[in-house]
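K.L.:
Sequence:
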Amino acid sequence: MDVLKRHGLSLLLAAGMNFSAAAAAAADTGKLPSVLSINLCVDQMVMLLADPAQISALSRLSRESSGSYFHDKAQNHAQAEPQAEDILPRAPDVVVTGPYNSRYTLSLLDEIGVEVETLQIADSVESMLDNIRRMGDILHQQARAESVIATLMQQLAELDRRVDELDTAMRLSGRSSPRAAVYDANGYTVGHQSLRGEAMKRAGWHNVAADKGIESYGVLALEDMIHLAPDALIESPYSKGTYSRGQMLAEHPALRQAGLDPMIISLPSNQTICAGPWLVDVIGQLVEARERLRLRLEDS
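With mature numbering (1 follows the signal peptide of the UniProt record, and there is no 0) applied, the sequence shown covers -26 to -1, 1 to 274.
Certain hints may be false.
[Claimed, not checked] Okay, the calculated beta carbon distance ranges per label pair: (1) E139 <-> S39: 41 to 47 angstroms; (2) R107 <-> A203: 37 to 43 angstroms; (3) E85 <-> A203: 36 to 42 angstroms; (4) A143 <-> D25: 42 to 48 angstroms; (5) A27 <-> E55: 32 to 38 angstroms.
Because the hints were derived from the structure by calculation, they are not lab data.
Glycine is no exception: its CB is placed at the ideal position from the N, C-alpha and C atoms.
Build the full structure now, drawing on both the sequences and the hints.
P.N.:
This is the structure:
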């Protein structure tokens, strides 16, 4: 190991000692812990529940409007690189990450004695609620987390009631469940093991990706769309102003010749990348789309 590397490591170790001392002091005094996030989805949970003064820094993606639901809030907070050299001088009480951040950085932080918490990826309502509760524990904001969860449960109960009404009307009319497909760039689609797949299921749509054996992520070709005949195409353009890929497919001559005219449902990309309370909003948008489809079918 050369002189520069030894010097750098000694600085990190010294910073780690200060870091551990600060964390212990926070625990002893009972003050709310400061937190640093190095993951986009963790950023959202931190901004949802933390007092602004608790936030030491967020990831460099936190201000990107296409992926970050709270991108406006993120403008008020510092950004950190997912590297020990950038994290340690900020001396947060806890670093929170996702499952795919650098193992090297996390191992180094752990060796130095930095508290590191990992938030798992949520692909369902239940795992999203679990993450809210877990983040409430990490931030010592349990009451705020439980309040958010209680509100979401009320909203979900109302959406479930509307879905039950739609399902009853569907059965009485002799119709089967409405069919939908997620259609992103290059035919990219999702199955039930995904946020949009979960939202489709909760809203009562049949996800045609299941008919092709797709459980998480996959691709649907134009020929698949003609064969599967979805009533709706769900898209999430990553940038505003980009041409609608769903509209492009819906206008394809092959679909027109097959007599297909799917509804286009556009969901904001920053509500579909990370799980949070906005997942309930997505479910609500898909329930509203079912209600519009019902009126469309009744008028036809």
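K.L.:
So which of those numbered hints doesn't the model satisfy?
P.N.:
Per hint list: 1, 3, 5 violated.
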